[in-house]
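A.B. asks: Below are the chains, spelled out letter by letter.
Number of protein chains: 2
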Amino acid sequence: MEERQSQVVLGLDPDLSALWPAASEPALGISAGASPAERAATAVAGHCRALIDATAQACVAAKLQLACFERLGAPGWSALQVVAEHARAHGLLVIADGKRGDIDVTARAYAQALFGGVETPFGALAGLGADMVTVNPLMGRDALEPFVSEARAAGAGVLVLVRTSNPGAADVEDLELAAGGSVWERLAGIAGELGAPGAGESGFSDVGAVLGATVPGHLARARELMGQATFLLPGVGAQGGRVEDLAPAFAPGRAGGLVTASRSIANAHHGTGEDPAEAARAEAERMRAATWALG
Amino acid sequence: MEERQSQVVLGLDPDLSALWPAASEPALGISAGASPAERAATAVAGHCRALIDATAQACVAAKLQLACFERLGAPGWSALQVVAEHARAHGLLVIADGKRGDIDVTARAYAQALFGGVETPFGALAGLGADMVTVNPLMGRDALEPFVSEARAAGAGVLVLVRTSNPGAADVEDLELAAGGSVWERLAGIAGELGAPGAGESGFSDVGAVLGATVPGHLARARELMGQATFLLPGVGAQGGRVEDLAPAFAPGRAGGLVTASRSIANAHHGTGEDPAEAARAEAERMRAATWALG
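These protein sequence lines map, in sequence, to chains A and B.
With the numbering used here applied, the first sequence covers 1 to 295.
With the numbering used here applied, the second sequence covers 1001 to 1295.
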């Protein structure tokens, strides 16, 4: 963050109907004999690489939306690896946004896939090598612990869904509990407990939280419950959240918050006639400066 | 179910250190030049095919644990497709157990990946073609609706996590709400509402629920809240649940419950010296008969 003076996360959730011209088939030299999935995956990887090339200097991480790669089948999984490698080569942390959650053995398998891989009788299988992974805490502590232990072993981190940015968050996450507080406050408490042993020299833990920027009123309370957590803050831009409202996230320091934006960067050129890369670079830089100024 | 007289779901969550001899490299003719991931994926697919061959006549569905394929990278995703196709060819419904959950556009991308695919500028991309998909409801109704609408369009179904089989379920799902009832009862209510428009001629809806067989005391209450739902019941066998305790799930008819078992079938030969396929077939048949007798 200090090096880039940035807390901005480039969200990569490529929309197949809005890829940049840099990802067009002639530009990439895609073989006419390739399958639709191979062609789509090559184009998606090209689009994401161009977005990274344009904006990396203003960003600190890239957040890969796994769903957008999975729907491309096996070629999509290969594209995911290519894009993660490209982000790393540009000095970005890699956040695998898969919101996984499952019991013990299965949670460990997901964590192996996304972090450091697994030793097998067939040799070592590489994982995605993510620096952070989003996880879903509905199933409780024993569903989170395998992610935390795999992350800790890999020098990586976990981002627990606590209070998401969508309207439906009110349906479950905001429910008030008989014992006091809300479901999301309980989730924050669990994440805070799991993260306590993982606080590093920076003062920040390896267990962070996802907190929607669309309801910034929750941030101060979340900060009370998770003093050492890095907050991933989606919902700025297209979903209506404003950078200016996020100050409580940064109370313990600039590393307290990661502001993520996807469509507002990738589609910054829509309706302007500008070059997509130039428009994306300008929007990422605008967000970088606005967020850094809060610290 | 009527044809097979079975409510048993074969769980496929292959453990790389406990694959059947039928999945050994000489048996499958795996190329020595293949990568570790390709070799592991070929072996996993071989193991799953052998399990399906051995048990399909006693089962009604196969449940594919996506994590176990994802950790094999792109070759794992190809293996997932091969195993789903093999299950279908043996007359089994395919349940994609990925416990996905995310907001609007992303949820739709996951649903496209697992159900019917997506039309793109590069041509139609095939989905996994699952008959049912497990989903995580933490993020609320708007995170579930895209799965329900894609499922309904594909003639498929959704299984919402309501009360899972792991000890950690007590941490969040069992919390009591200030307005009365528990978190899991609220989840059951949401799933019941989403499923109401999808009830078919059978009387069963296209929105079911995952309810752990380890806490059968919840089943009668869940049935009150979701009268038309099919319940997927994990946790029998290795996790301690007993088929005999599941009768409330079947109150509206035999299609009210799907009993899933993974390790108790795949590892039935452990310590017996029996042939894995014979032991698995016998265990699946034992479960089939015990469950059918409840109806």
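FYI, nobody ran anything at the bench for these hints, they're computed from the structure.
One or more hints might be untrue.
Stated by the list, open to error - Quick look at which bits of chain A chain B covers, simulated, 3 or more residues with Cβ under 8 angstroms: (1) 219-225; (2) 241-251; (3) 284-292.
Stated by the list, open to error - Every beta carbon over 10 angstroms from chain A, so not counted as near; a handful from chain B, in silico: (4) 1022; (5) 1144; (6) 1171; (7) 1217.
The model shown is predicted, which means the values in this text are computed figures rather than measured ones.
Ideal placement from N, C-alpha and C gives every residue a C-beta, glycine not left out.
A.B. asks: Taking the numbered hints from earlier one at a time, note which ones the structure violates and give those numbers from smallest to largest.
C.D. replies: 1, 2, 3, 5, 6
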